[in-house]
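S.K.: Sequence:
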Amino acid sequence: MAEIALINFDKCEIVDPTETGHGFKMTEAIANWMSADILWMFAVPADNQPVPPASTNPSAEFRRVVSPRVAIGHWAGDRVLIVDEYCGSAADNLPADVLAKFPDADPQDDVLEYVQTNWKHVGLADYTPAEKIDLKDVLFPGDRVWVVRNLTKRWYARSDVLVKPKHARGPTITGGLGLGDLIWAEIGGGMSTGSSHCDRFDVQTLESIGDGKGWTDKSKQAKSTLREFDMNDDVSQYRGVDYDEIEDEDY
1 MAEIALINFD KCEIVDPTET GHGFKMTEAI ANWMSADILW MFAVPADNQP VPPASTNPSA
61 EFRRVVSPRV AIGHWAGDRV LIVDEYCGSA ADNLPADVLA KFPDADPQDD VLEYVQTNWK
121 HVGLADYTPA EKIDLKDVLF PGDRVWVVRN LTKRWYARSD VLVKPKHARG PTITGGLGLG
181 DLIWAEIGGG MSTGSSHCDR FDVQTLESIG DGKGWTDKSK QAKSTLREFD MNDDVSQYRG
241 VDYDEIEDED Y
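Letter 209 of the sequence shown, counting from 1, is numbered 209 in UniProt numbering, and no numbers are missing.
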């Protein structure tokens, strides 16, 4: 499997998993929970509270952050995509307005080489939520329903549909695949699931949908996407977690 990277068209930024300690290829990134860890790149604090300064801490003892971390929500609402070394040239994959920002770069370079050479390298945003759901984390309260919003296609998916409520702690998931995994699968991280390439995403509370007019609830379809992601990309196998057993538990 090929080397990968997450790229942001609007900010011309790249997250290289070899620099965040998540591995080198797709399988390694998934096994090391990168698809879950990207959650904080898109998360917006409840009620539009101010974002805290970017964390300087690695997200696990075995990880070494080479590129500086960004603040929570740094990529919320931006065009994002996962690319690999076989995607083709930058000219075939990047919008003309983005290519125009780098007149000295060769657009015939492979897109991965192009962004690695010319774009800004950043580390993932990081946040440690409250230990218990009843502590009511100030920025990301556990007693609220959180959603992934596709701002381009105007659909959303609810955390309390993707997993049983017992496994949700605010926007984070303690059992099963969650909101970060869904974004990962949608932007190209799932071998057969992605359908939102270059779309704009964020993660907010359900209240951000308002009365729901102009939005489509695709929570059930999103849950199917996560099941497909798990099945086709061997997420459970790589992480050593039986998500089917979690899903089938009787609450």
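The set of hints was computed from the structure by calculation and includes no laboratory data.
Backbone N, C-alpha and C define an ideal beta-carbon position, used for all residues, glycine too.
There may be inaccurate statements among the hints.
What the hints assert, rightly or not - Derived DSSO-like pairs (lysine-lysine); straight-line CA-CA distance at most 27 Å:
no.	residue 1	residue 2
1	Lys220	Lys164
2	Lys220	Lys166
3	Lys153	Lys136
4	Lys11	Lys136
5	Lys166	Lys136
6	Lys101	Lys166
7	Lys120	Lys11
8	Lys25	Lys223
9	Lys11	Lys153
10	Lys153	Lys213
11	Lys101	Lys120
Said to hold, decoys possible - Quick list of simulated restraints, FRET-style, between CB atoms:
no.	residue 1	residue 2	range
12	Ala96	Thr174	41 to 47 Å
13	Asp106	Thr152	26 to 32 Å
14	Asp84	Pro165	34 to 40 Å
15	Glu228	Gly175	15 to 21 Å
16	Lys213	Thr117	43 to 49 Å
17	Ser89	Gly175	20 to 26 Å
18	His197	Val161	21 to 27 Å
S.K.: Could you run down the list of hints and mark each one as holding or not?
M.R.: Structure-based check of all given hints:
1. Lys220 <-> Lys164: holds (13 Å)
2. Lys220 <-> Lys166: holds (18 Å)
3. Lys153 <-> Lys136: violated (31 Å)
4. Lys11 <-> Lys136: violated (33 Å)
5. Lys166 <-> Lys136: Measuring from Cα to Cα gives roughly 15 Å; hence the hint holds.
6. Lys101 <-> Lys166: Between lysine 101 and lysine 166 the Cα gap is close to 47 Å, so the pair fails against 27 Å, i.e. violated.
7. Lys120 <-> Lys11: holds (8 Å)
8. Lys25 <-> Lys223: holds (25 Å)
9. Lys11 <-> Lys153: holds (21 Å)
10. Lys153 <-> Lys213: holds (13 Å)
11. Lys101 <-> Lys120: holds (13 Å)
12. Ala96 <-> Thr174: 41 to 47 Å: Holds, at about 43 Å.
13. Asp106 <-> Thr152: 26 to 32 Å: holds (29 Å)
14. Asp84 <-> Pro165: 34 to 40 Å: holds (36 Å)
15. Glu228 <-> Gly175: 15 to 21 Å: About 19 Å separates the Cβ atoms of glutamate 228 and glycine 175, which means 15 to 21 Å holds.
16. Lys213 <-> Thr117: 43 to 49 Å: Between lysine 213 and threonine 117, where Cβ atoms are some 45 Å apart, the hint holds.
17. Ser89 <-> Gly175: 20 to 26 Å: Since serine 89 and glycine 175 have Cβ atoms about 41 Å apart, the given range 20 to 26 Å is violated.
18. His197 <-> Val161: 21 to 27 Å: holds (24 Å)
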